[in-house]
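**Student:** The listed protein sequences derive, respectively, from chains F and W. Under our numbering, think of the first position of the first sequence as 167, with each following residue one higher. Under our numbering, think of the first position of the second sequence as 879, with each following residue one higher.
Calculated from the structure, these hints are not laboratory results. Please note: incorrect hints may appear among the correct ones.
Taking lysine-lysine pairs in the DSS-like style, the calculated list, with each CA pair at most 27 Å apart, reads [said to hold, decoys possible]:
no.	chain 1	residue 1	chain 2	residue 2
1	F	Lys185	W	Lys996
2	F	Lys215	F	Lys185
3	F	Lys224	F	Lys185
4	F	Lys252	F	Lys185
5	W	Lys915	F	Lys215
6	F	Lys215	F	Lys252
Here chain F is said to cover these stretches of chain W; the calculated rule only asks that three of the stretch's residues, wherever they fall, bring their Cβ under 8 Å from a Cβ of chain F [as the list claims (entries may be wrong)]:
no.	segment
7	921-935
8	940-948
Selected chain W positions facing chain F (in silico; Cβ < 10 Å) [stated by the list, open to error]:
no.	residue
9	His952
10	Glu981
11	Arg1032
12	Thr1061
13	Asp1063
14	Gly1068
Built from N, CA and C at the ideal position, the CB exists for glycine as well.
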Amino acid sequence: MASVGSPDSSEFEVVVQLKPEVLDPEARAIQETLARIGYDGVRSVQVSKRYILTVDDKSGQGAALVESVAREFLANPVSETFQVRKL
Amino acid sequence: MKRITATGVPRIGLIEFPGSNCDRDCADAFWRHFGIKLQPVWHTERVLPNLDAVLLPGGFSYGDYLRSGALAAHSPIMAAVKSFVASGGPALGICNGFQVLTESHLLPGALLRNQGRKFICKAVDLMAGSGESVYCRSLASRRLRVPIAHGEGRYHIDNDGLQRLRDNGQVAFRYVDQNGAATADANPNGALDNIAGIVSENGRVLGLMPHPERATDLLIGGSADGLAILESFLTSFM
């Protein structure tokens, strides 16, 4: 599937989630509710945030830009990790 | 209460972000109890006026979008606030202000969503930690009753960071029970080590989740213990 936008731009996906050692009360709430309403077999739930960035990429600088945005802004390094993927 | 003479009135900047809503309570507390008029500074300013200290009030800056305090940390004024703190300037961050300080890396750690997932609005008991900061020294052994009102107040830091805080005496306040013990039951939000507030390494920046400006009058809330915290802040640079 062709990427959205012009040949000068690219789409990147950034996914941010809490570090495994950090308690996520929202994920726990979802998991507990699933068990309570009868969805057996759900062993764990992880909640993450997904950002789609369309960036200038004429000279291939898009990946570095997104990496920087993710590291310096979208994720808090104290409590979160992130992954970047070109779409 | 201490009244400051006109010649020695400290200049305290009150940083206001879109969504800050505890600025007025702070201004009221400092004016009524100390005779100090806080100087409002709008977040789009790039230069601070001549100040002795900076105060970041509570609220919901930027609607807590991205993370609480994360967008405010990048407001234009914060470059000037960082320089001010870097050159030894004193700062006090209350609730959302504490969140802005951690997101700005002026204080270590992060404030995460309350363990119980609920916004908690109630009075809690605090005790100062052991350390050399003005807060630890002047408020030692004293149980303070101060209200909290937050959904993201769970203090978190990695193990090395926590050890550093303890070694350096940077834990300013902990949530405690009636006996002054930092128990799990006394912890309203799951904060690591019951930490309610911390100071920077140089002791001049305090961030705390409870609202001392809401505990300045027995008529409202039944406690004036917040005044002791605000007074310690003033003492730290006067």
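**Student:** Would you mind marking each hint as holding or not holding in the structure?
**Tutor:** Hint-by-hint comparison with the structure:
Using a Cα cut-off of 27 Å, the hinted pair Lys185 of chain F and Lys996 of chain W holds, with the two alpha carbons roughly 21 Å apart. Only pairs whose Cα atoms come within 27 Å are accepted, and Lys215 of chain F paired with Lys185 of chain F is accepted, the gap being roughly 13 Å. With a C-alpha separation of about 34 Å, the suggested pairing of Lys224 of chain F with Lys185 of chain F is violated against the 27 Å cut-off. Using a Cα cut-off of 27 Å, the hinted pair Lys252 of chain F and Lys185 of chain F holds, with the two alpha carbons roughly 22 Å apart.
Between Lys915 of chain W and Lys215 of chain F, the direct Cα distance comes to roughly 42 Å. Violation of the 27 Å bound is thereby established for this hinted pair. Restraint check for Lys215 of chain F and Lys252 of chain F: the C-alpha separation of about 16 Å stays at or below 27 Å, so the hint holds. Interface restraint, the segment 921-935 of chain W with chain F: violated (0 residues with C-beta to C-beta distance below 8 Å; minimum three). Counting residues of the segment 940-948 of chain W whose beta-carbon sits less than 8 Å from any beta-carbon of chain F gives 3, enough to reach three: the coverage restraint holds.
For the restraint placing His952 of chain W at the interface with chain F, the shortest Cβ-Cβ distance is roughly 8 Å, inside the 10 Å limit, so the hint holds. With its C-beta approaching chain F no nearer than about 7 Å, Glu981 of chain W sits inside the 10 Å limit, and its interface hint holds. Taking 10 Å as the C-beta contact cut-off toward chain F, the hint placing Arg1032 of chain W at the interface holds, the least distance being around 8 Å. Violation of the interface hint for Thr1061 of chain W is found here, the shortest Cβ-Cβ separation to chain F being roughly 18 Å, above the 10 Å cut-off.
The beta carbon of Asp1063 of chain W comes no nearer than 17 Å to any beta carbon in chain F, farther than 10 Å, and the hint placing it at the interface is violated. Interface restraint check: Gly1068 of chain W against chain F, minimum CB-CB distance 7 Å, threshold 10 Å, status holds.
Consistency note: the structure conflicts with the earlier hints numbered 3, 5, 7, 12, 13.
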